[in-house]
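Peer 1: Sequence:
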Amino acid sequence: MNRVAEYMDVDPVDLRLRFYEEARPEFEGMMAEGSAGLYGKVGNKHEIWLELNTLEDPLRAVATLAHEIGHVLLLGERRISPDEEDHEMLTDLITVYMGMGLFPANMVMQENYWDDGPVSGWSM
Numbered sequence: 080m081n082r083v084a085e086y087m088d089v090d091p092v093d094l095r096l097r098f099y100e101e102a103r104p105e106f107e108g109m110m111a112e113g114s115a116g117l118y119g120k121v122g123n124k125h126e127i128w129l130e131l132n133t134l135e136d137p138l139r140a141v142a143t144l145a146h147e148i149g150h151v152l153l154l155g156e157r158r159i160s161p162d163e164e165d166h167e168m169l170t171d172l173i174t175v176y177m178g179m180g181l182f183p184a185n186m187v188m189q190e191n192y193w194d195d196g197p198v199s200g201w202s203m
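Letter by letter, the sequence shown follows residues 80 to 203 in the working numbering.
Hints listed in this document are in silico derivations from the structure and should not be mistaken for laboratory results.
Glycine is no exception: its CB is placed at the ideal position from the N, C-alpha and C atoms.
Be careful, since some hints might not be right.
Below, computed lysine to any residue pairings styled on SDA-like, alpha-carbon distance capped at 20 Å [stated by the list, open to error]:
1. K124 with F98
2. K120 with G155
3. K120 with R157
4. K120 with G178
Listed next, with one range per pair, are the computed distances between beta-carbon atoms [claimed, not checked]:
5. N81 with N185: 16 to 26 Å
6. E156 with Y192: 21 to 31 Å
7. D194 with I159: 35 to 45 Å
8. P197 with V121: 40 to 50 Å
9. V121 with Y176: 22 to 32 Å
10. P91 with D165: 43 to 53 Å
11. R157 with N81: 17 to 27 Å
12. E135 with N81: 16 to 26 Å
Please put together the full structure from these sequences, using the hints given.
Peer 2: Encoded structure:
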């Protein structure tokens with residue numbers, strides 16, 4: 080997290096990394112639905128929450144960290160309101176502006192093959 084924050088000109092001292100866990104998919108290897116990360120501010124610290132399964136894919140972890148640190152820049156520094164209809168799109172855009180856009184862009188489309196005994200599948 081510190082390295083991503085520094086690349087995006089955010090002081091890592093102001094951040095706190097936390098973890099949470101959502102339900103796993105039915106079959107090992109299937110893509111999980113739900114969030115990969117969350118952002119919140121508690122006192123003077125910006126909390127970045129990563130879903131534990133995100134750590135299994137380094138590209139996804141960096142993309143998620145960049146997105147959540149984008150929230151620090153926009154919401155945490157009060158550049159936009161959380162009520163803005165397009166604040167998630169602006170958060171995606173600021174990752175590009177801050178030089179980290181390659182990571183979320185590469186997460187947009189991924190092939191995934193999974194196999195769990197007699198059951199297998201593919202998704203994109």
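Peer 1: For each hint, tell me whether it holds in the structure or not.
Peer 2: To see whether the hints hold, each was checked on the structure:
1. K124 with F98: Given pair K124, F98 holds - Cα atoms ~15 Å apart, limit 20 Å.
2. K120 with G155: This hinted pair holds, its Cα atoms lying about 7 Å apart.
3. K120 with R157: holds, 12 Å
4. K120 with G178: Violated, because 24 Å separates the two Cα atoms, which is more than 20 Å.
5. N81 with N185: 16 to 26 Å: Check passed, 21 Å falls within 16 to 26 Å.
6. E156 with Y192: 21 to 31 Å: Violated, at about 41 Å.
7. D194 with I159: 35 to 45 Å: holds, 43 Å
8. P197 with V121: 40 to 50 Å: holds, 47 Å
9. V121 with Y176: 22 to 32 Å: holds, 26 Å
10. P91 with D165: 43 to 53 Å: Distance hint for P91, D165 is violated at roughly 28 Å.
11. R157 with N81: 17 to 27 Å: Distance hint for R157, N81 holds at roughly 23 Å.
12. E135 with N81: 16 to 26 Å: Given range 16 to 26 Å: holds, Cβ gap about 20 Å.
Going through the hint list in order, the structure does not satisfy hints 4, 6, 10.
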